Structure formats: C-alpha cells, structure tokens
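Numbering (the numbering used here), first residue to last: 1 to 43.
Think of the hints as simulated: they come from the structure by calculation, not from any bench. Since this is a predicted model, take the numbers as computed values, not measurements. All C-beta atoms, glycine included, are put in the ideal place defined by N, C-alpha and C.
In silico SDA-like links for lysine to any residue, alpha-carbon gap of 20 angstroms or less: (1) K4 with T35; (2) K4 with G33; (3) K4 with L29; (4) K4 with L22; (5) K4 with R27; (6) K4 with E30; (7) K4 with T37; (8) K4 with I38; (9) K4 with R26; (10) K4 with L42; (11) K4 with S28; (12) K4 with V36; (13) K4 with P43; (14) K4 with S18; (15) K4 with N34; (16) K4 with L25; (17) K4 with L23; (18) K4 with I41; (19) K4 with A31; (20) K4 with Y19; (21) K4 with L32; (22) K4 with Q39; (23) K4 with G17; (24) K4 with A24; (25) K4 with A20; (26) K4 with P40; (27) K4 with N21.
Label pairs and their computed distance ranges (CB to CB): (28) L42 with Y16: 15 to 23 angstroms; (29) P43 with M1: 24 to 32 angstroms; (30) L42 with A20: 18 to 26 angstroms; (31) G33 with L12: 30 to 38 angstroms; (32) L32 with I6: 13 to 21 angstroms; (33) P43 with Y16: 14 to 22 angstroms; (34) G33 with Y9: 25 to 33 angstroms; (35) T37 with G17: 15 to 23 angstroms.
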Amino acid sequence: MELKLIHFYPDLMSLYGSYANLLALRRSLEALGNTVTIQPILP
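Work out the full structure, taking the sequences as your base and the hints as a guide.
The following block contains the structure:
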C-alpha cells in the first residue's frame with residue numbers, strides 16, 4: 001500500500017519533535033510493507 005503523510009508547516013510547527021514522530025511512524029509503516037512518503041505543506 002502506498003501512503004502519504006502530510007507535515008503541515010514544518011518550519012513553523014516543528015517545536016515539539018513532530019518530524020521525529022513522522023519518521024518513527026514512517027519506519028513502522030515501512031516495516032509492515034507499505035511505501036510511505038512525507039509531503040511538507042509550506043505557507
């Protein structure tokens with residue numbers, strides 16, 4: 001399955017490690033056999 005994770009305003013809202021959470025989620029999903037891309041949404 002191909003999945004796309006959306007990261008809203010990564011330059012403004014990355015104060016609490018949200019990108020690290022996305023990487024951990026991506027790694028878990030890929031371990032289950034999925035293809036995952038992370039799409040940043042910039043203002």
